[in-house]
Structures are given as structure tokens and as C-alpha cells.
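K.L.:
Model the placement of chain B on the given structure of chain A, informed by the hints.
Top line first, the protein sequences correspond to chains A and B. Going letter by letter, the first sequence gives residues 337 to 1206 in this note's numbering. Going letter by letter, the second sequence gives residues 337 to 1206 in this note's numbering.
FYI, nobody ran anything at the bench for these hints, they're computed from the structure. The model shown is predicted, which means the values in this text are computed figures rather than measured ones. Worth double-checking, as some hints may not be accurate.
Computed footprint of chain A on chain B, listed as stretches where at least three residues anywhere in the stretch have a Cβ under 8 Å from a Cβ of chain A [claimed, not checked]: (1) 727 to 734; (2) 984 to 990; (3) 994 to 1006; (4) 1033 to 1046; (5) 1127 to 1135; (6) 1157 to 1167.
Simulated restraints, written as ranges between beta carbons of each label pair [to be verified]: (7) A:Asp918 with B:Asp955: 37 to 45 Å; (8) A:Gly969 with B:Asp803: 24 to 32 Å; (9) A:Ala1127 with B:Asp803: 44 to 52 Å; (10) A:Gly969 with B:Gly716: 52 to 60 Å; (11) B:Asp1023 with A:Val393: 57 to 65 Å; (12) A:Arg1143 with B:Arg863: 53 to 61 Å; (13) B:Asp1023 with A:Ala1127: 26 to 34 Å.
Where a beta carbon is used, it is the ideal one built from N, C-alpha and C, also for glycine.
Protein chains: 2
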Amino acid sequence: MYVFDFSTGDGTNKDLLGGKGAGLATMTAIGLPVPPGFTLSTEACRRYLAEGEVPAVLWDEVRAARERLEAATGRRLGATGGPPLLLSVRSGAKFSMPGMMDTVLNLGINDEVVGPLADWAGDEHFAWDAYRRFVQTYAKVVLRVDDREFERILSDLRSARGVDDDASLTADDLEQATRRFQQVVAAADKEIPDDPDEQLRAAITAVFSSWTNRRARDYRRLNRIDDDLGTACNVQMMVFGDLGDDSGTGVCFTRDPATGEAVSYGDYLPNAQGEDVVAGIRNTLRLEDLAERHPEHHAHLVEVMGTLERHYSDMCDIEFTIERETLWILQTRVGKRTAQAAVRIAVEMANEWMIDRATALLRVEPNSLDAMLHPRIAEGIDIEPLTVGLDASPGAASGVAVFSADRAVEVKESGSDVVLVRWETNPDDIHGLAAAEGVLTSHGGKTSHAAVVARGMGKAAVTGAADIEVDEAAGRFSVGDVTVSAGDIITIDGGTGRVFLGELPLVDPEPSPELEILLGWADEVRRLGVRANADDGPSAEVARNWGAEGIGLARTEHMFMGDRLPVVRSIILSHEAEQALDELVKLQTDDFTELLTAMDGLPVIVRLLDPPLHEFLPDRIDLLLRRRDMAAGSDTTELDRMIDAVTRLDETNPMMGLRGVRLGVIHPELYQAQVRAAMEAVRRCIDAGGDPKLELMIPLVSHKDELTHVVELVQEIIDASGVRIPIPVGTMIEIPRAALQAAEIAAHADFFSFGTNDLTQMAYGISRDDAERAFLDQYVADGILPSNPFAHVDQTGVGRLVELATREGKASRPNLEIGVCGEHGGDPESIAFFHRMGLDYVSCSPPRVPIARLAAAHAALGESSDRSSI
Amino acid sequence: MYVFDFSTGDGTNKDLLGGKGAGLATMTAIGLPVPPGFTLSTEACRRYLAEGEVPAVLWDEVRAARERLEAATGRRLGATGGPPLLLSVRSGAKFSMPGMMDTVLNLGINDEVVGPLADWAGDEHFAWDAYRRFVQTYAKVVLRVDDREFERILSDLRSARGVDDDASLTADDLEQATRRFQQVVAAADKEIPDDPDEQLRAAITAVFSSWTNRRARDYRRLNRIDDDLGTACNVQMMVFGDLGDDSGTGVCFTRDPATGEAVSYGDYLPNAQGEDVVAGIRNTLRLEDLAERHPEHHAHLVEVMGTLERHYSDMCDIEFTIERETLWILQTRVGKRTAQAAVRIAVEMANEWMIDRATALLRVEPNSLDAMLHPRIAEGIDIEPLTVGLDASPGAASGVAVFSADRAVEVKESGSDVVLVRWETNPDDIHGLAAAEGVLTSHGGKTSHAAVVARGMGKAAVTGAADIEVDEAAGRFSVGDVTVSAGDIITIDGGTGRVFLGELPLVDPEPSPELEILLGWADEVRRLGVRANADDGPSAEVARNWGAEGIGLARTEHMFMGDRLPVVRSIILSHEAEQALDELVKLQTDDFTELLTAMDGLPVIVRLLDPPLHEFLPDRIDLLLRRRDMAAGSDTTELDRMIDAVTRLDETNPMMGLRGVRLGVIHPELYQAQVRAAMEAVRRCIDAGGDPKLELMIPLVSHKDELTHVVELVQEIIDASGVRIPIPVGTMIEIPRAALQAAEIAAHADFFSFGTNDLTQMAYGISRDDAERAFLDQYVADGILPSNPFAHVDQTGVGRLVELATREGKASRPNLEIGVCGEHGGDPESIAFFHRMGLDYVSCSPPRVPIARLAAAHAALGESSDRSSI
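Only chain A is shown next, with the shape it has when bound in the complex:
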């Protein structure tokens, strides 16, 4: 069976009836005033798309349903005596795809029917308007006639009549429009059948076909909706809101979809059809106005809203039409809402006992919280962006464009907000990023240096804005023929990747007591711990305020930057720089003390130095050019020494080079200095009455013997420090080989932390520095990869390594603590995966801590978080 009357369909079966069809069946079942009709199932659509024709029995079933409908309404399709039945034919997929597919209204009208319709309505104008609307839509949707001609005809008629809108045309005008439309159709060698049954069959197949049109496919790809689902098709008796000022049509929500406040909210347009509301030509009235004009309809509507909200236990979005004395409900669905509203509605409904807390948690998409936690561009701003880059770190920021980190600090100190604009950033720029409101780069992906650091600091970032040509030396950038110079103000939106000229009004995030409550509930159900990746005291404090239960990753390399760079360089240039090392230990001790103090009582995992040494030296090309330009006879000793060192350390593939534990093996003095500093910080914290919980982590291990070698080195210094509390020493699992050898490595590590960024790079053989620009973005756009594996962990490939290493690591050492500290630690879809893999915690950038808490709760509730549950 392919056809189901609203009065008999199963309102819970969205798979078969689509969202709209299920809603109509439900509302019919609970006694709401729904215009009668029937639904052709998604199965019919799938068979039509697969086989190129509808199932043999379909038209018989449609005819029978049409006859039942005529019996129920007392009207007949194509009736020339008595009130004629007109139909709407609408798509309705399982997941809402608003406006993506086709609709035919007023179906059943023809030259014979238009007269009886006018008689029934007592309104010639209405009848001819219905006819011309039908011809126009049918021609466009079913016959694929170019509809610009129709607009031209209407425009001509309006000019002739000297009016602005179609409603002001006369019945004669509309008749003339209808006839001219029919001529256009004939000229295109097409024909609109007079037989209403024929019209119906053609409209149904057109609706089914529209599942595969270009914009529907694009929408599904963007929203990750399965192409194989198909759409249902709803055939329903037309009701008319355009029968005069006592009629009208509207949309309402059972709660405020912007704030979540428990007050109904809606728009109403008298003497109009639904499409007029959508078109936005006339200003709509508020529900309060309806209460004044038609108190009985308003009261009825309020009652319906209550019924529906109680039925769905959720905020509903309702379309209604008032046809003279009757209120009709045309559609309902669970309403879209802002993140803020979602949180408030979920918490309030749970407090009202409408839903349980688990349901409340699942009602809020973790990723949607981002919008609540960062400044955003004020709503209603409709300015064309200068360009669009990657949405690398959420939030909006306005400020003076500056082109160097030093300049960012200067301008910020002079009192102006700044946006740092760079080709790409590197660890040298940290102080500039700290001073800026946001950062804009023309290169680098969503895991580039700028992106990672900005997310860590909770700053806005747009990266990889490839249309931008940055001239850092000249202090300007250009997009096409627009040039922005240092000192000009720009605005960036890191949540969408948009870049604007000038200062746009920003809205700060509002505190949400409901969010605090919801996250508290999340903490009660989640099993995964949530820690933060934070490198300094202030970031750690931010993370703790957001609920982080420790630091899963403190990178120590920034401690080598800024003022300290000359010290670090002198160590790299001469291995025996004892004094320089002592200096560094002193400075790092302060860093670690700050970090441990901010996270007092909670674990703080310090990762020993990871990046290749040449990152601490100047750029090789710059040095070579400088050397070339030196005047004859000048002293080049120092420069040559630097060039030699940079050349010696230059690597073809630095990502796979001398970094991480390899540095610890080849230059043990660096790791020793870091551990000395960390242990001294622990001692200081203890002396100050604190409860420091330091853990040390060795990066980039690929073979157990390099781990044991360095662990021994580290342990010696721990032992020599005189500190008596246990200091766990663990390793990152970020090289595929380490995952494959997890059992052996676990024997020598107190804990594992998956570095899924590097693990993805190596397992996939893609460099995050280059891949997005070079091919990855195109791969995702072309559907060769389902998603960017740096955004969502690749569960079948990289994930298999995670699964294997977790299983074998825990088998080898049952109390092995396993977390993840890569970017994926803040991605809800990935968090659900890590939960299933049995990890102990995730660690993410501080602003994503609330998101991770909620995502971990979703995971524990057994829900996959990768799809909206709404």
C-alpha cells in the first residue's frame, strides 16, 4: 500500500509518511481541524526514482483516496455543479528541506471549474487569481516552462492598471493573465490538461522528481541527509485565507524561538495565501493583533498550540489558515530555534516535567552552544562580505587591521582593538595573537597554527582566506581591487569565515543560567572526563570556569618564544649552553607554577617540547636573501653561523622530522631542563600549601625503546628533585606505529593521550599545513571524502588505530588512563566515537569545554551526536 489517508496514517512513521505527512496524520488523530487529504509514501517515491515509473497500483490507490476525500468533504474534483474540490500537492521528506522541492496549489481548476469556484466564493477576483496561480505553478513545476515570461505579463498588467501589487488587479486582469499564461505554455509546445485526475498524476510525479533536483541534492549534501530516502507527497483539500479580510493565514510557535521564553509567538496576514507570508511583500500582524480582531480564532489557536506542545513535548511550529469562519491547521513540526532558545526550552520543559533530563540534554546540539559563547555580528546586518575564508575559530571581532605581532601589541596598548592579518602565523606571533581580538590569514587550514592558537585563546579566527593577497612588509592586503591598509577597521566572523570592511555592530554572549543547569545535568550522565588544552595560567582559569576537569595538554613550546627566543637560539646553536639553560629553567618554572596553581587539585599534563628546532630559528629564505645583500667587507660571521644552523636543521618534511621524543633523545638537555623546571614548580606549589597534580607526557613516540630511553632520563630528574608525590609519565599516541605497538608501549607508560591531529596526518598521509588548500577541500566538495578528517575523526581508518591501541593498551596495563588531546577532542561526532571506544577523557580548547561536556552526555545517552535529533 502506498497511499494513506490522514485519518488512518501512522503519525509516528516519518520514514514512510515524511515529516509533514506524519504531522498531518497525528493532528487528524488528536482531533485538530486539519483539511482532509492523503499521503503518498516515500516508498512510492523511491520506487518511482528507481524504476522510472510509479508502481502499477499507485494510480488506482490515488483514485480511491480521491473518492474517499470527495465523500468526506462533500465536494468533487472538477465539479461544475456545487462547490468544487481543489487540492494542494506538496512534498514532505523525513527531514525538513524547506523550499527545496516542488509544490502545486489550486490543483483541479480549469475553464469549467473557475465559474463554480467564483460562485462558491462569491468572488470572481479570487477565482481567477486561483486559476492564474495554478497555471503559473503547474507550467513551471510540472512542465518546466521558463517562468520569467509570466512575471513579465503580470508586470505589464500592473503597469497598465497603474497598481503595485497583483492583489490590486481586477478579475478581468487576472483572467487575461491566465489566458496569456496559457499562450506561453502553448508557445513552448506544452499543454496543461483539463482533466483534474491527469493534473494530479502529473503533479505527483513532479513532486517525486523534485527530490533529485540540484538544489535539493546540494541541501542534502550540506546537511548530510541520505540521498536514498525519497520524499512523500501530500494531497490535501485546499483551504483559502484569501477570501477577504475575515480570512487569513499565519505561522506560530508555541514558545519564542529566539529566546526560548514560554510565550507563544507568531505572524498573521489577513486575506492572504501561505506563499504571500513567505514572500514578505506585505507586513504581517502579530498574534496579539489576531486576538483583537478574531478573539474566537485566537483562543482556538492557543488551545491548538497547547495540545500540540503537550503532544510532542516540544516547542512546535504551526501553519494555520482562517477561511472565513473556520480555523484550519495546515502543518506542524518541532520548531527550529536558536541555541539559546534550545537550552532554555529544554531546561524549562524538564523543570515542568514535560520531558526528562536525558531528553532535555539530547534536545540541544552540542555544536550549537558555540554561538552562545562568543560575540556575534548583530542580527539583521545584511552587508556583503569582502571575502569568505575558513571558519577557523568562532566568534566575531572588529578592530584595526595590523600586519605584525609587535604592531598588534602597540596598537592594542594605545587603546584600539586590533585584528592581526598575516599570510600565516607561527609561534613567533603568539604575543600578537594574545593582543588581538581576532586573526585573519590567507593561508593555512582549520588546524593551522593561527586556528589552533586562536581556538585555544577563545579568539575569533578566519584562516585560509585564499582570495586575499597579504603584503605584510607594505602593511596592506587586497581582495580583487579592494585594498585594506594598516589602520583600516575590519570585522571578521570566525563562525562563518566572513570578512567585512569596516566596523560591524557586535553582540556579546549573554549569560545563560539555563546553560549552567543543563551542563550540570550533562556532568551527571557523562562517563567521559572533559579536560582542556591550555598552555598558561589565564587559559587554564578560563577552562576551569567552563568546567574543565584538568589540563589534558599543556604545550610547552610557546614558553620558548618571545623574550626567551634568544636564549633558546643560543642553546640550539651551541649544545653546551649551560647558563642559557639555567635561565630557561627559571622562566619556565614560573610558567608551570602559574598553570599548576590555576588547576590546583586537578591533573595537569605537561607535554615536553614537540616542534622541530628550526621553528625557533629565523626563516632560511630571509637569511639567505639578507646574506646576499650584505655589503662587501661587512662581518658575516654571525649571520653565516645562523645560516649554517638553519641549513643544518632544515628538513624536507619537518612534520616527520626531528621533533618530539626525537629531540629528547638527540638533545637530552632540553627535556632535562623542562622537567627540572616542572619539578621546581611542583615544589613551589606544595610549599605554598597547594595540591599540584603534574603529569609529564612524551610526544611522538613510535618505538617503545625511545620511550624507555627518555622516561629514564625524566625519572632521574624527578627522583633528584626531592619531591615525594607521584608524577605519572605517559606518552602521546600520535604515530600509527605507536598505536600498532600499544601493548608494548603501555608497559612503559602511565597513560596514553591520542594526538589525533598527527595520527590523522600520518595515517592518512596528509599534511595539515598544506592539504586543505592543495586538495582536501576539493575532495570534500566533490564527495570523495565524506568530511574533512581533521574536523571529524576518520572512524574507519584513524579510528581503527584508536580502537586497537585502546584495547591492546588496556589489556597490557589495565589501569592505563587513556585520553585524547587532538582537535577532535572538541568535536561532538568524534567525542561520541571516543566514548564508544572506551576512552577515559577528552581534552579540547577551553571554549569548547561546555560543548564537550554536553557531547559526552549525548554519547553516554547512547545517541549519535552527528545528526540533529530534531
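P.N.:
For chain B alone, kept in the frame of chain A given last:
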């Protein structure tokens, strides 16, 4: 029990008795004239080393054995009446470690014994010489006294006497030497005990301790001998070859160890102890001379040689001493031999039915064949090398040093052999490598471009000679204060990494009919197929002559080099270079035709373009410097365009960048052109009556969908070509993710070929361009890694991916053919692993084909090839 008399020990138990002890027990058992004695087992040594003292019962067992020895010989240790018993105390490990551990001779002598010894020998000189030798050795070995003082004393005595050698000193001189030696010992606050039992115990523990001395440990590391084995200790009655001209000592081989010819071969030194033969002070006589002087001893020795060779079924190395009327056999072992001799002996012994063919195959180390297949530096050349780099491609080469590929071609064409010297080579240098006899680079490891290409062409290569400073522009290189200019002649030895100034005499490899026979036997037993990595017709012919059963990897990138580079550049710089592509197709068609013709009837796997595009463009730094130096006002358009392109294509980590299948996705026109050319070549071969077996391989696949995407592209062109024979299309497995997803990928691939170079890079997270220099060499030297994973496949990590992909790939597609085409395909240890994993074939550089054939046979015979079986 720790002590075994030679007459009761188990001669097959080398683990317990060591090689020497087992040989002595065997020879005693088969009735050869062995001086009696006993062996302390390796177990005693291991316990001594582990516990710091010998097992409690050991000295009791030694005393009992000494008493049995006295009873058997009728002599007594420390005897003052009657002939005294003197002992030798020698180490003897399971695997021969010649000269690495300690020995004490003439043990048992003291002030009381020296007189009776002189009486027994009738020779004062002999007795005092024995005494001074004992004191000298005991002081050095047991007491660790610096022995330079002893040499000075002997030197003084020789001067005083006006003679050149110690043998010409008088008995008085030797007595005086002994006394002075004793004073040196006393001055060092040490003492040599008079009690022979005490001497014996001290000598035994000294021998055990010598297992752990520095040179022994180094030797074991180099020869990959387990440090835990320990050594046995052999205590044996001294016999004397220095009792006059009727006595003597010598070494002989049952066959010629240099050529393998079945004639006995040896050295004999009259009136001497064994150490004098080793010292090489006096010229030795040949066995023929012994036959003349002492025909009865010679005949006896020949009989012994026959007995031993038959017993061991192998060529034996025998030490003997003639003590007046008696021939004594002191030691035997299976003799070391050259590769050529090993092959000849194995084949001839099998033909003589002494051994079976399996044993013959296992007698030859696959890697040793290298020395037979390439020119080498003539023996006896003892010149200090200028420097030593990496042994990157075997063989020796002499020629004029040149510093550019073009110059290499010019000089070669003028009639001189050349050695190309470069900082590093790149694909631009191919024609220079082809013209040169060998290549020397200061950078790059054993899998660098120069190394890989040289091995493929069978040319000598020394890479990564880090002491060398190459100034290509100036046409010279320097090592310390030695400068070598273009035009100077140098010699390199790619088998050892040595670099010499000047032309050294080279020996060409000699044809070996026995090798042909042996490899034929190998082909009969091996299960793995052996193919070659070859990129052009001549290489393919060489490979086929060496027995390759097809081409496992034909790289196509060199086809883009040389004359064709401008065409390729124009394609890269403008995507729509239709005409340039057509040109390229024409040229590549010739390449492919040549390759398919050379391998007619055998499979030829052509890998589509793999390297990143920027490899085809000039160096970025060069371009930037050139741009900087251009005169104001000159036209920079062309250069700027090139700089833009190079900058656009520049990648931070090119190894993980836009290459392989990613190129095929992003620039489909390149793959399409290659496939068109390959199909046209197939058509030509068929038209010429040939039997081309083309297969196409997609590199760097990490996700099944990128494979299916490109396979579709490729298949379209195959279908359009009109060629009707099947063209399998497969993929490389060289990205960890591909291995982890082998089942899914196998569904879309006709075959797999493991690219273990890249797989090692990614799985280990190490870049072969940088790693050796940066840390890998140090890792191996420090024992953090057991071996360089680019030389021998990492079985536990990378190997686990191979195992998993093979198992799951074959499960998904049972007829999936799986090979390996990385460098490991020519490494015997890796080949044994691939055999165990159930692969179908290995593919290696043409000169390693014979090695791979033999190694595959070893693998099939169930032997691990990673340890000498001798």
C-alpha cells in the same frame, strides 16, 4: 655440570660448548689427534657474568677434570719431576668472534717448572721463551697491566744483542726478560701466582670476563650476535710447534676459500707457535712445501682434511701443530669464504652428493651475492679513504669528478669515465646518473633519490658523505683541508661507502656458471615471485637477464624529465595545455613500448605519476634570488609567473602533499594522458605480434573513493582505446589508512602492491629525506632501534599493517594478487617476512634480482635469512 672433557662432550652442542669446544669434542670423538683437555660450558660463563662469581661447584669440577687430564697425558701441572703439563686457556663462543676475546698460553709454568720444561724439551731457550710469553700474557690479560712496557723491554734486549727478532735472543736474554716482566708486574702492585691451579682459575674468569669487553660488544652489535650467549672456555694441553725445525704450526682449508676450487690450501710456519703465524712476522710456507719437508705429516694432514670435510659436509678451516714427530689438530670450524667460493663449494658439494640442494642454497648468504655482481676494488689495496659515506649502491667506480649532470654527459662522451658529485640529486639529474659510473652525494640517506636511482641502474653510489662540502657552482668539493676539483679522478666504493682520491685498480665481476645453477635451484623451491623495479627498456632487459619475472614497478616520472621538462612545465603552468599533453603522450608511448617489448609476455606494472608537481619546477630559493638580482626595468613577467606557480605548489611537507592519486583527482588530464600513452603502446606491441601484459597502478591511495574515482577515469580510456586484452588496474598500499581499509579497497583493485618505503615513512612518522642524518643513524648506533627500518622492514609495526592488509585484502577478494615494490623487496630479511605473510611476489632493483631469488628460496626452506647459517 659445567665441565666436559673433549672425550665426552657433545660435539653437536655449540650452544653449551661454543664452536671451538664442540669442534674439539667432535674431532676427539672421530679419532683425530687432538691434544686432550676439557671445556667449561657457556652456562658457567653466563652464571659468572650474572652473579659476579662462578658457580660453587665449578672449581671442584675443574680440579677433577685437571686430574683426569693428568692421568690421560701422564704429565702433571706444576710438576717438578718428569715432563710438566702446560695448558692453553681459550675462549670459544657459539659464533666465531676471532680475536675479540682473551687467551692465556703456557699456563702452569713458574720458577720451579721452567727447569723441568727445559729438560723435557732439551732446550733452555724454548723453556724461557715459554715462561716470558706466559708472564707477558697473564699480566696483560688477567692482571690488566699495560703491556707497552713489555714490548720496550724486549726491544731493549734486541738492541743490546743487535738482532731483529725475539727468536734470535738467547736463553739468558729471555730469562732476563721474564724477570724484568715480573718486576713490571710487581711495580704495578700486582702478582702472578706460582700455584698453577690458582693461575688456571684466574685465567678462566679472565676469559669469561672478556665476553663483555668493548671490542667484543662492538663486534657482536655489528654482527647482530646476542649479548646473552656468553662464551665457553677451553682448557687444553699445550703442544709446541717451536721445538725446532722439525716442528711447526699452520692453518689449512679443505677447499680454496677465495675461489671455492676443490683443492686444499694452507700456510705452514716451521719452528713457531700459532700466534707467530697470525702476527705475520715471518713468511709462511705453502702446504706443498710441507709435503716436501715432512711427507708423512702432510699425508696425515690430507687424511684429516678429508675426514673433517666428510664429517661436516662443508669446507673446513683447520689449525694444526707439528710437535717433532706428532701432528696435532688444535681446532676446526666451517671455513669463511668469499661469495664466489661459497657458491662454487655449495654447487659442487651438491653435485658430489655431499649435501642436498636445499643445504646448498642455505649455504649461500643472499646478500653476499652483491660482491659477485659488481666491480670491486682490487684486493690488497690498503689506502686510507678520503672519507666514508653511506654504502648506498654496491660496486666500485673510478672516474673524473664532475658536478653537474650535463657535464657528466659531456665528459663521458669525450671518452672519460665520470663520477657525479652532488649535494643531492633530483630527477633533473637522471641523464647525468645514466652517463656516470657512480654518484657521490653529501646529503641524503640510503633511500635518497641518488641511492634509489643508482641501485636501479646498477651503478655505484655513496650518499650522505656528511664530511664533504660540495660547491657545485665552483665545481669542487672539500673534505677537511683536501679539495677535489672538477677533472680530478676519484674512486668510490658503494659497497662500503668509502671515497678515495685517485684511480684505484678495480676488478670486474667474473661470470659464475655455478651461480646460474644455484639460482636455478632457488627458482625450483621458492614460492615468492621475483620482479624488478625498472623504468625503461634497458633496465628491463638487465632485469630479465637476471631472472626477473616481470616489472613490479615502472615509475613514470622520469618520463617527464630531461627534454620533456619544458612540456611538463607548460602543462603545470596552464591546465589547458592540450597540445603539450598530446606531445607528451607521443613521447611516453615510445617509453612504454620499449618497456613492454623488453618484458614481452611478462607482467609490467606501470605506476601512474606519483611525485608532487613542484619537483618538475625550478627551486624556489633559486628563483627568488634570481628575481632579486634582476636589473631594474627588465621584464620579469615570465619569472614572476614561475615564482607564483612554485609558491602556489610549495608544500611544507611535500611527502604528505599533492602527489599520487591526489594528482589524478585534481589534475585528471595528467593521468588520462599517461593511460592513453600506455594503451597506445599496448596496441603497437600487439600489432607487432607481441604479448604485452600491461597493468596500471594507482599510487598513494588512502580512501576507497579516491581509488574508485580514478579507476573510473582510467577505465574510460582503456575502454576507448579499442584494445581488447584485459588491463588489470590495482593500487599501491603505502598509506597506513589504506592498509587499515584493505578489505574495502580490495573490492575496487585488481591487485595490491605494498610501497613499504612510504608505508614506513607514514607508519613511523619519519621522513626518509631527513631522518637518517637528523636522528635515525644515531638511534641505530645507540641501539634505540634494532635496525634502520628503511633497510629492513619493521616487522612488528609496519609489518603488522602488511599482515593485516594482506589477510583482509585476500579475504575480501580471494584472487587478489599482492606484491611489494618498496626497497625492502630486495632485502633478504624482509623477503623472509613477506614470504611468511603470504605475499605473491617481491619487486626489487634489477641488480638485486638474483639476491631476491635466493632469499625467496631461503624463505621457502623455512630459514630465517637474517643470520649467517655458518
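K.L.:
Are there hints from earlier that the structure breaks, and if so, what are their numbers?
P.N.:
Structure breaks hints 1, 6, 12, 13.
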